[in-house]
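Q: Letter by letter, the chains look like this.
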Amino acid sequence: MRRVAILGVGMTKFGKHPEKSLVDLFAEAFFEAFDESNIELKDIEAVYYGNFVGEMTDGSANLSGFIADEIGLKNVPAIRYEGACASSSVAFREAVRAVSAGYYDCVVVGGSEKLLTAETGIGTRALATAVDAIYEMVAGLTFPGVFALAARLYAKEYGIPLERLREMMAHVSIKNHRYGAVNPKSQFYGKYGNLKVEDVLNSRMVCSPITLLDSCPMTDGGSAVIIAEERLAKDAVDTPVYVLGTGQASGGALFRQGRDIVKAIPRRKSAEMAFREAKIQPKDVDFVELHDCFTIAEIIALEAMGFFGYGEACYATEEGATSIDGELPVNPDGGLIGKGHPVGATGVSQIYSAVKQLRGEFKWNQVEDARIAMTDTLGGDFGTLVNIILGVE
Amino acid sequence: MFAEFFENLKDGRLIGLKCKDCGAVTCPPKNTCNQCGSRKLEKVLLSGKGIIKSYTVTYIAPMGYEKEAPYTVALVELEEGPWIVGRLDLDSQSAEKEDLVGKRVSVYAKEMPTEMFYPDKSKRIVPYFKIEG
Ligand SMILES: [Zn+2]
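Protein chains in written order, with numbering that gives the first Met the number 0: chain A, 0 to 392; chain B, 0 to 132.
Quick caveat, the hints were computed from the structure, so don't treat them as lab data. Everything numeric in this text was worked out from a predicted model, so none of it was measured. Among the clues, some could well be false.
What the hints assert, rightly or not - Heads up, simulated DSBU-like pairs for lysine-lysine below, C-alpha to C-alpha not over 35 Å straight-line:
| no. | chain 1 | residue 1 | chain 2 | residue 2 |
| --- | --- | --- | --- | --- |
| 1 | B | Lys129 | B | Lys9 |
| 2 | B | Lys19 | B | Lys66 |
| 3 | A | Lys233 | B | Lys17 |
| 4 | B | Lys9 | B | Lys19 |
| 5 | B | Lys29 | A | Lys155 |
| 6 | A | Lys19 | B | Lys129 |
| 7 | B | Lys39 | A | Lys268 |
| 8 | B | Lys66 | A | Lys15 |
| 9 | A | Lys155 | B | Lys48 |
| 10 | B | Lys29 | B | Lys19 |
| 11 | A | Lys195 | A | Lys12 |
| 12 | B | Lys42 | A | Lys262 |
| 13 | B | Lys48 | A | Lys262 |
| 14 | A | Lys268 | B | Lys17 |
| 15 | A | Lys268 | B | Lys102 |
| 16 | B | Lys42 | A | Lys155 |
| 17 | B | Lys19 | A | Lys155 |
| 18 | B | Lys66 | A | Lys190 |
| 19 | B | Lys9 | B | Lys102 |
| 20 | B | Lys19 | B | Lys96 |
| 21 | B | Lys120 | A | Lys155 |
| 22 | A | Lys12 | A | Lys268 |
| 23 | B | Lys109 | B | Lys29 |
| 24 | B | Lys66 | A | Lys233 |
| 25 | A | Lys262 | B | Lys129 |
| 26 | B | Lys66 | A | Lys155 |
| 27 | A | Lys155 | B | Lys17 |
| 28 | B | Lys9 | B | Lys120 |
| 29 | B | Lys17 | B | Lys29 |
What the hints assert, rightly or not - Non-contacting residues of chain A with respect to chain B, defined by C-beta distances greater than 10 Å in every case (computed):
| no. | residue |
| --- | --- |
| 30 | Lys12 |
| 31 | Glu135 |
| 32 | Ser207 |
| 33 | Arg230 |
| 34 | Arg275 |
| 35 | Phe361 |
Note that CB positions come from ideal geometry on N, CA and C, so glycine has one too.
With the hints as extra help, turn the sequences into a complete structure.
A: Dropping the structure here:
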């Protein structure tokens with residue numbers, strides 16, 4: 000197994016892009032990554048692409064070939080990966096394993112998605128394709144619904160009055176919007192930087208107790224990174240960011256997980272796999288970019304990944320432990336809530352932010368002396384989990 | 000397997016699968032035991048009773064479900080152990096008013112309009128939970 004490093008990273012501004020196609024969004028992110036990678040186009044041997052619902056939002060499938068062609072790559076293998084919100088994280092992990100194993104020396108991996116342009120009805124239905132198509136969909140379960148169910152379960156499991164939990168959840172939104180508001184790539188750049196608990200609690204109810212400000216937005220966007228084996232990476236760039244470990248796990252429908260829903264067992268397994276491979280422990284991680292699709296999701300993720308005990312991350316969040324100056328900064332780029340969530344592009348956008356932080360280039364919200372970062376992406380109703388650990392020497 | 004499950008539910012019977020290896024009950028049916036993965040399963044009639052574990056009133060519905068909103072989706076733990084998803088037979092205002100977790104319910108089925116991807120193109124059968132007492 001060879002060490003794998005990230006050479007260059009790129010992402011579009013997240014937001015609304017009706018004038019750009021899925022292919023355009025990927026290409027724009029790719030050019031930013033390519034231009035800082037100091038390699039030639041012919042060095043790229045394969046394309047790993049994450050997209051969730053191109054068929055529904057853009058009437059478009061079979062996208063990987065169009066994407067390779069659009070960026071000027073002829074005749075290379077190009078593969079689309081779908082793992083709901085974790086699509087490009089799944090693609091990234093597969094790409095890392097292929098380079099590590101020696102099948103390729105250098106590949107590009109990224110994703111794109113267009114949910115904001117698609118409008119709320121189609122967008123919500125498209126997202127809902129990631130719940131169990133028969134037993135959950137007949138009841139009209141949506142994604143906010145999944146996390147609304149989880150929030151109430153969490154409150155009961157740990158004996159917290161629901162209204163009290165909602166206040167603690169609001170602090171996730173306040174923090175992530177504060178960071179999203181200063182990140183120029185964010186959908187909400189310059190907006191919602193100063194929310195109060197009441198703003199979150201009193202915003203429009205989506206699926207009780209989840210409000211609009213408890214939720215990430217619908218987003219259009221693209222992301223891309225170029226990865227290579229260690230020697231090539233060292234020759235090309237001054238500060239390669241190394242992939243120290245990766246993990247992935249799976250789970251069935253929400254109702255099949257029953258009593259374990261708020262413990263998020265697949266996520267625990269995925270995180271443990273990544274820690275094992277990186278030969279580190281949770282306490283060694285300097286900051287995290289994780290899957291805060293809803294406020295409660297950040298709390299559940301922090302516990303399942305092993306950073307806090309079960310039932311404790313809500314209090315830690317309220318006390319500021321996950322702020323930029325806390326013991327474990329979480330989502331300093333704004334997360335899905337503040338930055339936006341173009342589903343298939345989200346995982347690699349987390350890697351974009353983590354790499355910028357590790358290079359000391361995230362000047363609008365830099366984590367000081369960051370050496371080790373971890374990402375976490377969740378696809379579906381706790382069904383597809385990917386964790387990536389990155390570091391600099 | 001789901002077609003048989005819903006047809007039975009429509010007639011008032013909740014069907015599950017009992018594992019001959021570990022004894023666990025899987026519901027709704029699945030090709031393997033939800034506990035141990037065994038394929039040695041036998042069809043059993045369940046009591047159709049359970050308790051509410053969680054619920055949410057859905058105000059923003061996906062395409063195809065707009066006319067049904069607001070509706071309440073609930074997770075119910077059946078007496079025999081499995082958790083299932085369905086709708087709560089209660090208007091949304093009442094559902095928001097008090098804490099319903101722990102309430103005893105019985106399961107029945109309602110026929111509703113089908114939707115764009117549902118395999119039955121004439122109707123969809125939705126599990127409903129009625130609060131007892
Ligand atoms: Zn069994």
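Q: Failing hints, ascending?
A: 2, 3, 6, 20, 21, 24, 31, 32
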